[in-house]
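Chain by chain, the residues:
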Amino acid sequence: MRNHRDIKERIIKLFFSATSVTALVILVGIFLFLFITGIQAFGQITPAEFFLGSEWNPNAYEEPKWGILSLIIGTLMITIGALIMAIPVGLASAIYIAEIADSKTKEILKPVIEMIAGIPSVVLGLIGIVFLSPLIANFFGLNHGLNAFTSSAIVGIMVLPTIISISEDVLTSLPNEFREASLALGATKWQMIRMTLFPAALSGIAAAVMLGLGRAVGETMVVLMVAGNALAMPLSFFDPVRPMTANIAIEIKEVVKGSLHYETLFAIGFVLFIMTFIVNFISDIVIEKEMRKYKW
Amino acid sequence: MVTENKKQAIYFLFFKSAAFLSVLILLFVLLYIFEEGVGAININFLTNMWSHRDITQGGILQAIVGTLFLAAGVSIISIPVGVCTAIHLNEYAKDNQFNRIIKLAIRNLAGVPSVIYGIFGLAFFAIFLKLGGSLISASLTLGCMTLPWIITASEEALKAVPFSFREGSYALGATKWQTIKRNVLPHSFSGMLTGSILGISRAMGETAPIIMVGATFFISGLPSSPFDKFMALPYHLFILATQHSSPYARQYALSTALVLVVLIFALNFGVFLWRYKLRKKKKW
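Just so you know, the protein sequences line up as chains Y and U, in that order.
Per the numbering used here: the first sequence = residues 1 to 296.
Per the numbering used here: the second sequence = residues 1 to 284.
Derived from the structure by calculation, the hints contain no laboratory data.
Keep in mind that the hints are not guaranteed to be accurate.
[Stated by the list, open to error] Derived DMTMM-like pairs (lysine to aspartate or glutamate); straight-line CA-CA distance at most 25 Å:
(1) U/Lys181 - Y/Asp6
(2) U/Lys277 - U/Asp95
(3) Y/Lys293 - U/Glu156
(4) U/Lys280 - U/Asp95
(5) Y/Lys289 - U/Glu167
(6) Y/Lys189 - Y/Asp6
(7) U/Lys159 - Y/Glu288
(8) Y/Lys13 - U/Glu167
(9) U/Lys16 - Y/Asp6
(10) Y/Lys104 - U/Glu156
(11) Y/Lys289 - U/Glu91
(12) Y/Lys293 - U/Glu36
(13) U/Lys181 - Y/Glu177
(14) U/Lys280 - Y/Asp102
(15) U/Lys277 - Y/Glu114
(16) Y/Lys65 - Y/Glu288
(17) U/Lys229 - U/Asp54
(18) Y/Lys253 - U/Asp228
(19) U/Lys16 - Y/Glu107
(20) U/Lys176 - Y/Glu9
(21) U/Lys159 - Y/Glu114
(22) U/Lys103 - U/Glu91
(23) U/Lys103 - Y/Glu114
(24) U/Lys16 - Y/Glu99
(25) U/Lys282 - Y/Glu107
[Stated by the list, open to error] Simulated coverage check for chain U against chain Y, where a stretch passes if three residues somewhere in it have a Cβ under 8 Å from a Cβ of chain Y:
(26) 37–50
(27) 238–248
Beta carbons are placed, not taken as given, at the ideal position from N, Cα and C, and that holds for glycine.
Start from the sequences, fold in the hints, and give me the full structure.
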């Protein structure tokens, strides 16, 4: 009887630990599929040609070009633009919610910010096309508003919730002694935030910004709809660009499986995967450490 | 001191406006979609099949049904795996190398861009497993993507059950599984369910992955098997917004967006009400 029950318990335990491996299997599976397919592209083109070539033209009749530099630059421009717009607003909101707002205001603001994260990116892309891009085209006197600047603004909105909620968590995790000590020395609330809380939370806030960066790099629908999709090397923020994610989404449906074009798209996917993996990995470790630092 | 106070007032005003900017953005997006999208919404639009020749004659029934089928498929795939993983991590797992790696994998999985899930789904489910572009490929692909969200939400629900519930059960001689089954799961069930619904509602708006694994702009009739291609609201509005030549395409894209947003926010609001009710009932 006793033994029978023990065996059953053990089987159940084993079942749960076995299912928990699924997540790891998926992550490793994604890595392997991208790597194995992507690496085959380098049988026919050199890494230098791929990473440093500024022209991407896989369907050229004479001599196809496989350089992803302009795609990488497109991704970087939109990411940097989005962060420039989202960091000030995000940090200010986080400080307001964590330190200044009363609990009722907090209870309204937090779910509202989460709801922004719940708007599908394709809907924000649509608003970018029908509302924001004509506005920006008019304002700056452009032919059309589908460019890096417009998509940066929308991607900036998309990364706001990440930056706000994690910075807020980091600020809230700081012990109250910090606040009390600072105020007791005669600091104003703003001096306390600026001189005591902000420095103490800095690495956590940096990690929150990095997580936002990871999301911006991987955003697909908004850039696919609003960035303009041009393959030429962008010269300004008002040029249309085509980031890596959009390039994969546009071309993957038309390619023949197993062709060089198919393999290069997986290679781009692999580059993207590694970029986001590193960014997420680092920010994850920092946040974990930060949240534990003041728990005693 | 006066200047310090003035400085503080100016900065705090900036912080406050920044925080309320988020509220404004959300309100603007919702009102804009409603205002611009409501025009073409009527009973025909919601219950008729899509008409290829004259888009003003048809509706988006296939896209609505496709998105609901997809949500059901994703739920069937990712909720059981997600909940079981959460039970392992919160109830059984010791702090060892194996479990740390699992946790790390889950967190990193949550950061993988959706387009990567798309090409993975294409290469693995559609081509390698020969499932083709189909509802089942798309459900599996989005199932992988939602898994980390569902695990995190379920873990939260399990953590919310006080430890004394478990101790009381052990003290009466119950085994670990008996404790989980009778004292932990009943109290975390609704938390896990609501968290999962939120994850699934996010998956319903995903577009990039399903472009690659079976979403299509037009099928005649509803999908009759999991191996059929399917229409979906986000993909439908994407094509209408970017690639359709009809002069009404913009209007219909906005109306489709409204239907999608209402669907997603209705689920979110339902979860919000449910949780509010639960919190009131809780006595610990």
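Open item on the list: To test your reading of the hints: which numbers does this structure violate?
Closed with: The structure conflicts with hints 2, 4, 5, 6, 9, 12, 13, 16 and 26, although it agrees with all the remaining ones.
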